[in-house]
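**Q** Protein sequence lines, in the order shown, are assigned to chains A, B and C. For the first sequence, this note's numbering assigns the number 1 to the initial residue and increments by one for each residue that follows. For the second sequence, this note's numbering assigns the number 1 to the initial residue and increments by one for each residue that follows. For the third sequence, this note's numbering assigns the number 1 to the initial residue and increments by one for each residue that follows.
Just so you know, the hints here were simulated from the structure itself, not pulled from any lab data. Among the hints, erroneous ones may be present.
Said to hold, decoys possible - DSSO-like mimics (lysine-lysine), calculated; alpha carbons at most 30 Å apart, straight line:
1. A:K312 x C:K45
2. A:K288 x C:K142
3. A:K61 x A:K274
4. C:K33 x A:K180
As the list claims (entries may be wrong) - Residues of chain B placed beyond 10 Å of chain C at every Cβ, according to the derived structure:
5. S159
6. S239
7. T243
8. G271
We put the CB at the ideal spot given by N, CA and C, even for glycine.
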Amino acid sequence: MTQFRRGLWRSALAAAAVAGFVTSAAAQMELKIMAPAAPGGGWDQTARSMQQALTQSGIAKSAQVTNVPGAGGSIGIAQLVNNSKGDGNQLMVMGYVMVGALLTNKSPVTLDQTTPIARLTAEYEAIVVPADSPIKTAKELADALKADPAKVTWAGGSAGGVDHIAAALFAKAAGADPTKINYIPFSGGGEALAAILGGKVTAGISGYGEFESQIKAGKLRLIGLTTPADKATADKPSIKAQGVDIEIANWRAVVAPPGISADQKKALTDAMDKMAKSSEWQEILKTKGWEDAYVSGDAFAKILADEQARTKEVLTSVGLVKS
Amino acid sequence: MEAFTSLAGGLAVAIQPANLLFALIGVLLGTAVGVLPGIGPALTVALLLPITFKLDPAGSIIMFAGIYYGGMYGGSTTAILINTPGESASMATALEGNLMAKAGRGGPALATSAIGSFVAGTIATLGLTLLAPYLVEIAVSFGPEDYFALMVVAFVTVSATFGDSPVRGLTSLFIGLLLGLVGIDILSGQSRLSFGVPELYDNIEVTTLAVGLFAVGEALYVASRRHVHEEKLEAVRGSLWMTKEDWKRSWKPWLRGTMFGFPIGALPAGGAEIPTFLSYATERRLTKHPEDFGRGAIEGVAGPEAANNASAAGTLVPLLTLGLPTSATAAMLLAGFQQYGLNPGPLLFADQPNLVWGLIASLFIANGMLLVLNLPLVGLWVRLLMIPQPWLYAGILVFATMGTIAANPSPVELVMLTVFGILGFLMRRFDFPIAPVVVGLILGPIAESQLRRALSISLGDPMTLLQSPISATLLAIALLALVLPFFLKGLGRFKAVED
Amino acid sequence: MTSSPQRRIDVAGLVIAVILLVLAGVVWWDMSKLQILSPYDLGPKVMPIIVSGGLTLLAIGNAIGALRGDLPARESLDWKPIILILGGLACLIALIAFGGGFMIGTALLFAATSTAFGRRAFVTDFVIGAVIAVFVYLLFAKLLTLSLPAGPLERLF
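Bound-form chain A, shown alone (with noise of 0.2 Å):
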């Protein structure tokens, strides 16, 4: 067996090193990618994923991922600020998510100190309402939102998450009081779905992939994306485009440690530049379903900062973050 495995092991080495030949000559990094979260879920897919595009396009020599779970990626961001400061090779997963969490966690840690890289993947959230609802568009939702919200309910992820912050810029879209909004979280995305199937709750709001099938089936009402207007189809309509100006997404993105050189950012950014483009990653998008959301360099830096403005005020609005 572990004659069999490093046979394997070596073959894939040389493998590697061949095509890196090809591709790239400087396929020298070693890097080091850390998913601030348990295996298994999406940012450890991310990474595990990214490992698997950098190895065997040869843009990377190898591409080790850690695994630091713990309160959102607080844990992880921690580690990388205050172990990894100035490491070219170190990379971390990070998502809208942790925006959210770093801030209700109070954590003293915060994005800015890291050093962004490059948002890779996006997912539009979706609102659903159960197939016998008399609700059919974002309008009518809207309208029984601004005659009272409390008689909406909404399931989605937990508090303070995209969900949740989703149903309040909905709210507020719609002309209602954000902090009235009648949002009851559940812990797994099956559970908050079988309270939609069940008709316990108004409408239910997650990323689209939690629902997918279920829409198609017919047990569920498609309302409508947070897409921006001119990216909906006639299955995948935008909210925006229903007249509640409303747009997020649900985005995964890498962040390098601070005090890295501009040399290394710019190898780092290059490399996901490289892997953003490789068929390989582009493989991976297609069989997992995420949406390539590529952006690098200072225009990912920009929309960083404006995300956690945005998050900001909606969690103040709705009272987990005080101003």
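We have chain A; now place chains B and C onto it with these hints.
**A** Relative to the frame of chain A, chains B and C by itself:
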């Protein structure tokens, strides 16, 4: 009838040599990791996902199902032998199972757990085959108020684990409830009893608590009184196999455990812990040998083990029919499906009949394989207890810490394990029952959040608990379970007077 | 741990009651800092109030039991093995926290525990513990690609 034809088609898929091999690898891997506390089947599936990417969908999903069932077996083996439940669902098994092992009856304990798992797994998989579409309708109609009522029933029945003194039992339970408060409150997003320590935000891991209280606590306790009490472990006393009497005492608990495990496992927020504790409490109440409980009663192993495995099959009901992942492992199986572009859900049975029925058929096969693998191993496992005591306990501690580190490589988690170990030691010394602490940690947060969800939906009207027929029925059962023992006792006294 | 048989008051039992009371106080204090955010939610305070109240009542119950002296009899306690085992655990925790890796820590824990249980072969047991740790490391890190806390020894593999 249609189900059976499809199942036959599925069997044809599952018994292809390659798929049989995948099922075998799956059950072996599952058993191996189930043995380690902290590393459950979910984690293994998560880590193996990238490796299996290159295999064909049927083969790898069959392998994952094998890991799932295998994990359930592995967890109970360590629970019985070394009082270290591999996962939270095998906690109830540890209660009587480890006592049996210490009394030299580890053989029958492992055997009744293996056979019970097989019986329950088979019946439940049959239930999955025939009843899935109907059961899922009921499962989805369970609202927060109904879950709360179910928790009330669970609280009332688990008082059976309290031991002789209600004050001591309740003290243990409230310590568990207190531990259940630690971390971020899911409904309001605020942290409770975390004192700014980020590691505490994610709530206390049930396996960390259980392993700390059971395994570490016991090692400390036994070590502290070695000078007065040389503990002599006899690996085998009496028969290594189940006697006729053991069979007679086991078969009913197996069936009752299945009745608890399968339907509750099928509930989206049911889980595997609640049915195992309900089964334990029921067996304790119904047994004809109440004197054996607390000394190693075979019913207390047979019932929870059956419930454990039946609930594993139960969680596949919402997964396959609705695409609802209701346990961590189910969520990973879902990710496994999605990796091949398959979306479990209402359409999966229609779109991919070969795959689904192949999976169900391979569950039967995995179950059979596990029985065949495990029964001959019973003799070998039991001999583990013949390892010299210093090495045995040293091994247990290494095992317990290793599992904890692997799941979460943080020193804080180990500090918690140690603190729970000290707590377990003190509770043993001052004769507080241990199981209620774990029960409190599991049930407390669920009861709280479901009640709060129910009241949010009803805008604060408590009548919602009685308006739902399911909830009203469950609450009536709880009331009955609470009052009936007193009533029967009174009746018994009355009779005694008449005599 | 001194219980005087004449008055039959169990001091340890009273200590337990006091600890429960302190815990109830901590829960109450922590609860008082929480806020009710949603107008429809029962709020995060109710459960802590129940737990705190319950612990207070149980503290009284345990105190009464201690005063009556109806705690079960206890045997004398040997502190040495407890200190050995807890010391082994502490070493493991410290080694992981300060980057010494888990292998040495695991080997130490193994040897300390087996000494606590009466063996007098610390070095042999240390080696046995190390062998187990290496085996587990290879299994976890290489086969399951889990990242275990690494120190100088782990980097050799």
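**Q** Provide an ascending list of the numbers of those earlier hints which the structure does not satisfy.
**A** none
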